[in-house]
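S.K.: If you want the building blocks of each chain, they are given just below.
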Amino acid sequence: MATSAVRRTAGFPMSYASVASGQVRQSRLDASQNPTTGSNPLSYGQPLYPAQLFASSTTLGLHQDGLSDQSTPPVVPNYLSQTAFTDHLAQPKPSHEESYTPLPTEVAKLGKPMYLRNTVVDTADQSTHSARRPFQPLPTKWNENDKGQAVEVLADGLEVKFQGTTKNENEASTVRADHPVPVKCGIFYFEVTVFSRGKEGLIGVGFCEKTVDLTRLPGWEAKSWGYHGDDGKAFGRNGNGQGEPYGPSFASGDTIGCGINMADHTAFFTKNGVFLGTAFRDLKGTLYPAVGMQKDPEHIRANFGSDRFVYDIQNHIWGEKRKLYEEKICKASIASITPKVDEHSFIHSLVTSYLAHEGYVDTLRALTNEAEEDPSKSSQTALHFGNVEALKTDVDVSRRQSIRNAVLNGNIDEVIRLTDEYYPEVLKNNSKLHFRLRCRKLKEMIAASMATESVSSNGKSADKASSEYEMEVDGPHSNDWDNMDSDENRELNAAISYANQLKKEFNANDSPANNSAINEAFGLIAFPDPKNSPIFAQDGRKAIADDLNSAILVSQGRHSVAALGRLVQQTAVLVEEVSNYGGPTSLINVQRDFLSSRKNPY
Amino acid sequence: MTSSTARKSLPASVDWEKKIDDVAPSKLDLNNMVMNYLITEGYEEAAIKFAQEANLATSVKYNGIGERRKIRNAIQAGDIKSAIKMINGLNPQLLDTNPGIHFSLLRLQLIELIKECNASAGGDVTPAIDFATKHLAPRAPANKGFLNALEETMLLIMHQPNSPQLSAMNDPSVRQEIAKMVNDALLEADNMTSEADIRKLIRTRAFVGEELVKIQANVKINGPKTPFPPFDLGIDEDEQMSS
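Residue numbers (full-length UniProt numbering), protein chains in the order written: chain A, 1 to 602; chain C, 1 to 243.
Treat each hint with caution, since some may be false.
[To be verified] Here are the computed lysine-lysine pairs in the DSS-like style, where the Cα-Cα straight-line distance is at most 27 Å:
{"id": "1", "chain 1": "A", "residue 1": "328", "chain 2": "C", "residue 2": "180"}
{"id": "2", "chain 1": "C", "residue 1": "18", "chain 2": "A", "residue 2": "223"}
{"id": "3", "chain 1": "A", "residue 1": "428", "chain 2": "C", "residue 2": "18"}
{"id": "4", "chain 1": "C", "residue 1": "214", "chain 2": "C", "residue 2": "225"}
{"id": "5", "chain 1": "A", "residue 1": "284", "chain 2": "C", "residue 2": "225"}
{"id": "6", "chain 1": "A", "residue 1": "542", "chain 2": "C", "residue 2": "27"}
{"id": "7", "chain 1": "C", "residue 1": "19", "chain 2": "C", "residue 2": "220"}
{"id": "8", "chain 1": "C", "residue 1": "214", "chain 2": "A", "residue 2": "331"}
{"id": "9", "chain 1": "A", "residue 1": "340", "chain 2": "C", "residue 2": "115"}
{"id": "10", "chain 1": "C", "residue 1": "200", "chain 2": "A", "residue 2": "340"}
{"id": "11", "chain 1": "C", "residue 1": "18", "chain 2": "A", "residue 2": "542"}
{"id": "12", "chain 1": "C", "residue 1": "180", "chain 2": "C", "residue 2": "81"}
{"id": "13", "chain 1": "C", "residue 1": "220", "chain 2": "A", "residue 2": "284"}
{"id": "14", "chain 1": "A", "residue 1": "328", "chain 2": "C", "residue 2": "214"}
{"id": "15", "chain 1": "A", "residue 1": "210", "chain 2": "C", "residue 2": "220"}
{"id": "16", "chain 1": "C", "residue 1": "18", "chain 2": "A", "residue 2": "432"}
{"id": "17", "chain 1": "C", "residue 1": "200", "chain 2": "A", "residue 2": "328"}
{"id": "18", "chain 1": "C", "residue 1": "134", "chain 2": "C", "residue 2": "115"}
{"id": "19", "chain 1": "A", "residue 1": "328", "chain 2": "C", "residue 2": "115"}
{"id": "20", "chain 1": "C", "residue 1": "214", "chain 2": "A", "residue 2": "284"}
{"id": "21", "chain 1": "A", "residue 1": "428", "chain 2": "C", "residue 2": "27"}
{"id": "22", "chain 1": "A", "residue 1": "323", "chain 2": "C", "residue 2": "180"}
{"id": "23", "chain 1": "A", "residue 1": "340", "chain 2": "C", "residue 2": "220"}
{"id": "24", "chain 1": "C", "residue 1": "27", "chain 2": "A", "residue 2": "432"}
{"id": "25", "chain 1": "C", "residue 1": "200", "chain 2": "A", "residue 2": "323"}
{"id": "26", "chain 1": "A", "residue 1": "331", "chain 2": "C", "residue 2": "134"}
{"id": "27", "chain 1": "C", "residue 1": "200", "chain 2": "C", "residue 2": "70"}
{"id": "28", "chain 1": "A", "residue 1": "223", "chain 2": "A", "residue 2": "161"}
{"id": "29", "chain 1": "A", "residue 1": "323", "chain 2": "C", "residue 2": "81"}
{"id": "30", "chain 1": "A", "residue 1": "503", "chain 2": "A", "residue 2": "432"}
{"id": "31", "chain 1": "C", "residue 1": "225", "chain 2": "C", "residue 2": "19"}
{"id": "32", "chain 1": "C", "residue 1": "19", "chain 2": "A", "residue 2": "542"}
[Unchecked claim] Examples of chain C residues lying across from chain A (beta carbon under 10 Å, computed):
{"id": "33", "residue": "20"}
{"id": "34", "residue": "32"}
{"id": "35", "residue": "38"}
{"id": "36", "residue": "42"}
{"id": "37", "residue": "50"}
{"id": "38", "residue": "54"}
{"id": "39", "residue": "73"}
{"id": "40", "residue": "155"}
Treat the hints as calculated values from the structure; they're not laboratory data. From a predicted model like this one, the values you see are computed outputs, not experimental measurements. In this text, a Cβ means the ideal position worked out from N, Cα and C, and glycines have one as well.
Let the sequences and hints guide you as you build the complete structure.
M.R.: Right under this line is the structure:
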């Protein structure tokens, strides 16, 4: 699992700006679908971040393919995809106009370390957005400008070797990572593999603040914490430099993991994939991963998440999330949200109002009928059933439904007619939406002409198309074919004159955006099956149906977003805000935990 | 320390409404959340209609969705006998693998019997005692909790009808709770999450809202103190007026 996830990031290094084009989007999907054949050489054992590029880069960017602009998506270890760190649902939206069609959630997930994927860091729908706030940088390598004299940072910035001398046994040499652990991480985890322990194994793995003296091992000083290889003691519990028995000692070949839990301000270690228990509590401060040594030839290599971890950190985070859910979230009082109705009725109302809002009338009707069979749970239940009745017979709901159906059938003339009849203000006040509808009509016209079928014909279009196709094969020179050919031309000509009319009406000469939107439709001609082309985009109808529905609701003085949507919005903003202070909410990732179809297993 | 350095430049107030409006949950995600609710709560017809109307590609088998709701409704109505029959029809192993649930159901059935006996002319409690001896007593020794619960229930036989003890055990919330346990177990047996996502979301909204209040009340934390807007379901008087 981790393999494909890490490799998947290989498909990601491209500028955000280019993502707007469907072509790039497609190629990214291909890369994710076929992780083993990606052209990018990224794999385990190879350095994820070329050190020379990092010297000048402040963000955690993976610069490959020669693309080194700041908008390159950052690479974040997979496990952080579970925490608040990657949850960008509530981040500033891009100014990009096409943002009403979000990319598939899957695509948005590429490029972050799997373990971070369920925390606030994730939810990033970073697909289209150069406007997104950049990730807070994560520790990715040792900082060669922030180390004690006697250690050297080697090659790719992950290896550290003792290469000097120390005057006495109180002196050591420690190196800090390039960035501190962001509070939003929920849990940050890194591993250190001991290549050589030297004679005494005086290696300390841990973390410390920026101000701590680097001629000492992690944990010997205040504001510094460490687990030491020679005696297995944990240093830093009391801030007095004394070690306390904690775990086994460690030596060459061992892999020591260090987890810094921002959610409950504790830290733990692992040895060769085995959890050793909580080492420190009540942690405070800005913490940098650190490793210290005392003797030649001590030598280690760190893994900040670019390679697979020995310990199953993903599972660890799921466990923490489950605990948070069971111990805290489940016990939260919902009175602050719904003081009047009980939870059951409240949820039911959220669902029914969503269905009414979006115009899913048949579903609403079926749900209402089924719910009426339920024994009444409380006196309050009557209240929301009353509302459902009101919504069910709501003339507005059925009007919006008929407009939606017309959009989904591609019958744009009908859409405009109905909208103007029922809601005369809507298209008048939304010229952009009006323009999109008209462009949609153009696409429908062209696609219909390609299917050699008259625009106005309804009903058994598939039959007709296929029988005509057969005719074409059997007798391309028959009269039928000639007639059809001219039919097609006529329809195409109609589309062209419609396009010219559109250009005039919407001033395409002075608006390159409008002009290219109109011209885009003609790309359909290049596709043998235009209705399945990315330009036609079946869900383009859905997007327009949704946006038109919202515009109508707004014109009626209603909220454009259903209560259920607002609940998501509020929760995302709250998690985003509160996680800035660390604490338990940093383990929540709204997108991942509640919205993505591929869920966390908790 | 992190918070003080990273948030030095924060303004004292924040426009929550703008931030909220800027979040764009995808329609597909919301639809999936609704679908998840319809399935976990057993609204089969609605789920089928919704898959069509919202054009959702769903791999869910609809068999058994409605059955779960019927089971739930039977338990809530006190018809435990039919509920057990339906459970065994839907998943023959379920009660064997969940002895706690089975015992709770049998106990509910006993309570119903006691109620019937008390209501009958002469108040003959023999059927209730027979049922307890035959079905509950053999299971009780396996578990201390079962034994206590059984003893407590048998005491009801001595009470008058409408005694506070009897009505406490007969409270609809007890049946509702057991109905939920059964539904959850059936869902889990089908490898589905038992808790509807919406419920989790609401709880999370409440929890994080409380956390924000705590942070804002902490004078040591330097952050915006603007209260977060309350959640408004939006379908009270206003909604009805406009319809």
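S.K.: Find the hints from earlier in the document that the structure breaks and name them by number, from lowest to highest.
M.R.: The structure conflicts with hints 2, 9, 19, 23, 26, 29, 40, although it agrees with all the remaining ones.
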